[in-house]
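Asks: Be aware that the sequence shown starts at 645, since it is given in this note's numbering, and climbs by one per residue.
These are computed hints drawn from the structure, not numbers from a lab.
Keep in mind it's a predicted model, so treat the numbers as computed, not measured.
There could be a bad hint or two in this list.
Stated by the list, open to error - Subject to a maximum C-alpha distance of 30 Å in a straight line, what follows is the list of computed DSBU-like cross-link-like pairs (lysine-lysine):
1. K776 / K833
2. K849 / K766
3. K804 / K839
4. K704 / K866
5. K704 / K766
6. K833 / K866
7. K650 / K780
8. K766 / K780
9. K761 / K833
10. K704 / K682
11. K748 / K866
12. K650 / K803
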Amino acid sequence: MNTLEKILNSLSATPISILDSSISLDSYTPIDLSIHNKEISNIAINDPYICQEYINKETKANNAIVAYGGYLEQRSIYTMNTNFSKAGRNIHIALDFWAPEATKVITPVDGEMHSFKNNATKGDYGPTIILKHTIKGITFYSLYGHLSLESLKGLYIGKKYIKGEELGSLGEIAVNVNYAPHLHFQIIKDIGSYKGDYPGVAANKDIEYYKRNCPNPNLLLKL
Numbered sequence: 645m646n647t648l649e650k651i652l653n654s655l656s657a658t659p660i661s662i663l664d665s666s667i668s669l670d671s672y673t674p675i676d677l678s679i680h681n682k683e684i685s686n687i688a689i690n691d692p693y694i695c696q697e698y699i700n701k702e703t704k705a706n707n708a709i710v711a712y713g714g715y716l717e718q719r720s721i722y723t724m725n726t727n728f729s730k731a732g733r734n735i736h737i738a739l740d741f742w743a744p745e746a747t748k749v750i751t752p753v754d755g756e757m758h759s760f761k762n763n764a765t766k767g768d769y770g771p772t773i774i775l776k777h778t779i780k781g782i783t784f785y786s787l788y789g790h791l792s793l794e795s796l797k798g799l800y801i802g803k804k805y806i807k808g809e810e811l812g813s814l815g816e817i818a819v820n821v822n823y824a825p826h827l828h829f830q831i832i833k834d835i836g837s838y839k840g841d842y843p844g845v846a847a848n849k850d851i852e853y854y855k856r857n858c859p860n861p862n863l864l865l866k867l
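With the hints as extra help, turn the sequences into a complete structure.
Replies: Have a look at this one:
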């Protein structure tokens with residue numbers, strides 16, 4: 645592990661909720677939306693309504709409310725976005741949490757507002773928040789994509805957040821620009837000049853860099 649990965653891993657010995665804390669972690673189930681899942685190979689998984697049907701089937705089968713997963717997952721879902729497909733970007737470098745629209749999003753670790761933006765292009769993040777964290781002298785960032793428009797109200801740079809505080813809520817399909825409702829949660833070491841945005845899908849030729857710069861969020865969450 646590198647230094648950031650060790651810090652993330654040290655922040656909690658037990659699992660951390662990132663959605664409404666009234667939803668038991670026993671109600672989370674893993675889901676596979678990769679190109680290797682033969683069950684979705686013959687359906688239009690990039691259609692948000694068909695994707696939602698599949699998610700509903702998986703959560704019902706597992707007596708769950710939230711379906712999660714997707715770090716370093718190669719997906720066909722991004723074929724709807726020509727900016728991704730033309731650049732060969734189809735590897736997801738964050739964790740997704742698929743849950744009903746308006747589900748609360750909870751801050752998993754103390755931080756402050758770095759930036760926010762509505763990335764409203766089809767296939768992008770929609771309303772997005774990025775927090776800045778400094779722990780043990782190391783600064784890193786966390787990105788929360790596909791939020792509701794209401795999540796961006798009243799925000800300002802430098803606003804403080806404590807672990808467990810409500811950050812926002814999940815947006816509907818029209819707001820989160822053509823995805824089934826979910827949270828895109830990403831850890832970023834070096835954010836560069838990005839504000840309210842950062843790549844969440846990478847091409848295979850760049851994946852070694854993004855693996856280092858965007859470590860597995862589950863080191864922190866421990867689901």
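Asks: For this structure, which hints from the list above don't hold up?
Replies: 8
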